[in-house]
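Listed in order, the protein sequences are those of chains V and R.
The first sequence begins at 24 in our numbering and counts up by one.
The second sequence begins at 1351 in our numbering and counts up by one.
Source of the hints: derived by calculation from the structure; they are not laboratory data.
The structure presented is a predicted model; accordingly, all values stated were derived computationally and were not measured.
Mixed in with the good hints there might be a few duds.
[Claimed, not checked] Distance windows between CB atoms, simulated:
| hint | chain 1 | residue 1 | chain 2 | residue 2 | range |
| --- | --- | --- | --- | --- | --- |
| 1 | V | GLY98 | R | TRP1440 | 42 to 48 Å |
| 2 | R | GLY1394 | V | SER131 | 41 to 47 Å |
| 3 | R | GLN1393 | V | PHE130 | 35 to 41 Å |
| 4 | V | ALA128 | R | HIS1359 | 43 to 49 Å |
All residues carry an ideal CB built from backbone N, CA and C; glycine is no exception.
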Amino acid sequence: MSEFQLETQNLARSCHEALILATLADGPRHGYQLALEIEERSGGTFRFNHGTLYPILHKLESGGFIDGSWDEPAGKRKRRQYELTDGGREHLARLSDAWTVFIDAFFSVIGRSES
Amino acid sequence: MSRFNVFLHRTGERLALPKATRSLILVEIASDLEELFNHYVQQGLSEEEAAARAEEKVDMSDEALAELVRIHSDARSWTDRIARRVQPLWERLALALIVLFFVASAALESDARPFTYLTGFIWPILAIFLVLLFFFIVQMARFSDHESPRRLHDSLATPLFLGTASLVVGFAGTGIELYRTFKRMAFSPEHAAPMFSRAVLGCTATLAVALLVALAAGVAWFVLAGRVAKIEDQAAQVYMGVK
């Protein structure tokens, strides 16, 4: 069993963190790109509101899991871009393991649907 | 004028953070709003619909804003807290008076031969001062080039590092100089008194210069931090359509 366990009171936050880190594992993204990509990749299951996104991004950044920088393309408005750090990669691996354990435990209790 | 001016003002008013931190967050939100707006327009929505959809997507609940405030209140370093707290004119004047007092005291005590009593450790301290001076001039030039506030913000640690280095050299130099003097005194006790008084004079004079350089570094940092905060704030004002 994984040493890192999800806090059931903070499942939504852990879920959002894992989604953001996993998306950033594919390369740097801007905030709006993260929200749109997560929504698209999950087939609309995870609809990310930026109101939820900013506190999570800033918390991950202050924790050293992601690194934010200003992207300033010539002649364009500057944008905040985030990329995964090595610490973030490790955190993502821990979250992934913890979610696997959590989901297995969940279905072992409720059972999987036959349909 | 940004089409999201009202929305950004409303969000800014709900963010109980120092101006510069709040500005950076608003700049981030403003750029995401514009990108989302363009995305929705490309999807075929009218400009009004796209703007409303972007605002709806970015709108933050009171809980989310409180969380953001908490994160940034925790993350701010003590140096940031000082730089952003010391804003009123009377506090700036008080700081200037303290600096003037130290500089005037040093000037009154120095004579025509300032290097007479100083120890050899004055040279690295002077080198630190020259680096500080060069750095300060270069940074001020970068401010006028409107360089990225983040890059300017990252460079703020340098004056603090140089100030600390000056203090370390000053105190370490004092220790080493006193050790050397005590060693010499042990071999020729008959000259101990003049040796000791000269060493103490040299050490205190060198330490005083080290302290002045550290003070200058502190002032340089304070001026630069104030300018960075101002630039960050101006950037946010531009995005919000105020300027």
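Status of each hint after checking the structure:
{"no.": "1", "hint": "V/GLY98 x R/TRP1440: 42 to 48 Å", "verdict": "43 Å, holds"}
{"no.": "2", "hint": "R/GLY1394 x V/SER131: 41 to 47 Å", "verdict": "46 Å, holds"}
{"no.": "3", "hint": "R/GLN1393 x V/PHE130: 35 to 41 Å", "verdict": "37 Å, holds"}
{"no.": "4", "hint": "V/ALA128 x R/HIS1359: 43 to 49 Å", "verdict": "47 Å, holds"}
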